[in-house]
Amino acid sequence: MEVQDEQRLLEEIRNGKKEAFAELVEPFIAKAYQTALAILRSPHLAEEAVQNALIEAYQSITAGKELRRFSGWFSRVIANRALDLVRKESRYNGLDIDSVIVHDTSASPIDKLLRKEQSSEILKAVMSLDTQQRIVIVLYYFQGLKIEEIANVLHINEGTVKTRLHRARMNLGKIVSFAELKAKVVRL
Amino acid sequence: MNELKLKSELQQSLSKVAVPDSLYRFAREVPDICEREREASGIQSKPNGRRKLKLFSILSKSAAAVAILAGTFSAGVSVSPTFAAYLKAVPGFDIAVDWLTQLRERDGVQTAVKHGYTPIEAKTVQFGGTTITISDVYLTDEELLFKAFIRTNEYDVTDGRSRVHIEVDPMNLRGGGSTTGSSIAETTDESKGPVLQVSYKFQLEENAVREFLAKEKELRFEVRKLIPNIEMKRTEIEKMGTIAVPVDHSKLLHNIVIEPNQSLPIAASDPDWKELILEKLTIQPTTMNAIIYGKKGWTLDFPREEGAAPYLKDEKGKVYKYDPSGPVLMLEDGKHQLPFSSSVFFETEAQTLQLHIGTVLVTEKEPSGSFELSKKDTFPKTVQYKNRYIVIEGAEFKDGYIRLKIKKEYPDQKILEGISFYIPEYRAQLAQNKELARRVDALREKLKIDGWERAESSGSDPSRLDLYIPAPKQDNYTISLQRVYDPVAVNQDYFIELK
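Taken in order, these protein sequences are the chains called A and B. The first sequence begins at 17 in this note's numbering and counts up one residue at a time. The second sequence begins at 680 in this note's numbering and counts up one residue at a time.
Just chain A, same shape as in the assembly (with noise of 0.2 Å):
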């Protein structure tokens, strides 16, 4: 969506146009929802992030947050309320995001998304990486977040998204040949 018809939008919205808000927000949603759950691997939690999301976006539009390119403004709003239900699984622990590893069973929902004859191996090995892994793996290559902007989303330093982003990338390496990496074939 080009830069002018993203800010006719926005004055649209905050003029009182419910319709435009559906306008803005349509072309982001499957990203949103596909950022989210790969960060989560729930469906239901996706959905949760991404409703938060929309509302969080409304909300700031209507009080007349200034916003100079949506687009990248709410890819890191998705990130960030990806990110807080999975600081839920923390908060009581008295963890930083940091130090959370959630061990995802084997009969999590994503699973359902990811049998082996229906996704790719890139996809079902970044999804077998550990949260804290996934998660910069997802918003760097996928989200197309700023080593910077993660830093900030994480609150941790840009030398340790790096980190991550390095040990990641080996631990991919490991699991999946490059060479072999195609779409299965389903044959019907």
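Check before you lean on any hint, since a few could be wrong.
Stated by the list, open to error - Stretches of chain A that chain B covers, calculated by requiring three or more beta carbons in the stretch to come under 8 Å of a beta carbon on chain B: (1) 54-61; (2) 146-160.
Stated by the list, open to error - Some but not every residue of chain B turned toward chain A, in silico, with C-beta under 7 Å: (3) 692; (4) 702; (5) 707; (6) 710.
Stated by the list, open to error - With beta-carbon atoms standing in for the labels, derived distance ranges: (7) 160/A <-> 974/B: 25 to 33 Å; (8) 867/B <-> 179/A: 51 to 59 Å; (9) 1126/B <-> 174/A: 17 to 25 Å; (10) 80/A <-> 807/B: 45 to 53 Å; (11) 868/B <-> 171/A: 46 to 54 Å; (12) 183/A <-> 807/B: 43 to 51 Å; (13) 89/A <-> 1117/B: 19 to 27 Å.
Rather than coming from a laboratory, the hints here were simulated on the basis of the structure. Even for Gly, the Cβ is constructed at its ideal location relative to N, Cα and C.
Put chain B on the given structure of chain A with help from the hints.
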């Protein structure tokens, strides 16, 4: 490890994960939700303030009201006793008829029921304080559809933030699946507590149904409670019980499979795309799936927005919308399965079906063009790429990037859509060298541009588009050109022979 490959593969595979339709509906409801919340709390909204959010019904009351007995049902079709009974039939619950009708019209169940096709009976089971009904179960040769209606005292089903969830999973059928939507059902016995409705769709593996029918007489669903365990930092899964739903093989109807391998010629002038191929159309009692492919080395994307999305239409003018919610079937390179809501299965007189293709976004995996750029060049300089002529009216060679001024093709042009301009060797360096990548990112921020490698209007010069390309310092460059998410406006209808 090849980072570009990693990025590209991750983008491609993750972007194919289906998105619940409920989110798009939720987006449309957000302004009203916020207003209601604001009125209820009697306070003004706060920027960035987040409040506890309930799981809102994906079908608003107003939407349901508008849709009361609309469409085929209101068109004077006589209602069979089975259908009349089924309308109210979610055993165990008193679900509002209007709401249920609306829900079923979307997923094709209404059409099947209207024709008396209810091969698998609903089943209600109680586990302690939880009542679950498995309803609208449709097993085809390649898919399993069902709905779960849940009323429970285990957690507040209206609380979207609940840590606890109940899920229902088929145990004795091989396949991958997901929910396609969930909502709080509108009930007429609200005093008994809210009911959560979750729709599921499973794409079954090859031969899974044949093997199932050969040895099984019932579909078994496991009901599980998912409880995040904070101390152990893992999700505990508590099996609540099993629901066995009898399946009478003789009642199951089989899919109609048409394999036309039909060319879908593209009339629009495009240098790379003359046709798509419709490989297969599977007509199920509930929904329809079409497999379409283009060619190797390219990926296709089909938008879901009305006007650009594909759809099917029957001879009576009924439209079957593209509905990509649910699990994604990843086929071999370049092939796509397009799912459509509802089905023409029971229209035995139907001779043809019309497939409309609106817009197709095409992406090539490798660049397919290039041009030389030198500091000694004089401008304007015209570059031909495929069937387009790109007029470069000026160039600035800066530290870390090149800025090209591209002549607009028409006055209101905002972007040179679908073309990525880049220097492959430098892009590879950026992927390997994080410090370099960081500097380029910082540069982008400093330049206040939204992205590299694409020509778009900056507003500063109304007659030109600005194109910024990360570049090392040198005198001559080879700029590669690649079609990326390039929209091909097909806007054509194709007739598929059904007989």
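For each hint, the structure was consulted:
no.	hint	result
1	54-61	holds (count 3)
2	146-160	holds (count 4)
3	692	holds (4 Å)
4	702	holds (5 Å)
5	707	holds (4 Å)
6	710	holds (4 Å)
7	160/A <-> 974/B: 25 to 33 Å	holds (28 Å)
8	867/B <-> 179/A: 51 to 59 Å	holds (57 Å)
9	1126/B <-> 174/A: 17 to 25 Å	holds (21 Å)
10	80/A <-> 807/B: 45 to 53 Å	holds (50 Å)
11	868/B <-> 171/A: 46 to 54 Å	holds (47 Å)
12	183/A <-> 807/B: 43 to 51 Å	holds (45 Å)
13	89/A <-> 1117/B: 19 to 27 Å	holds (21 Å)
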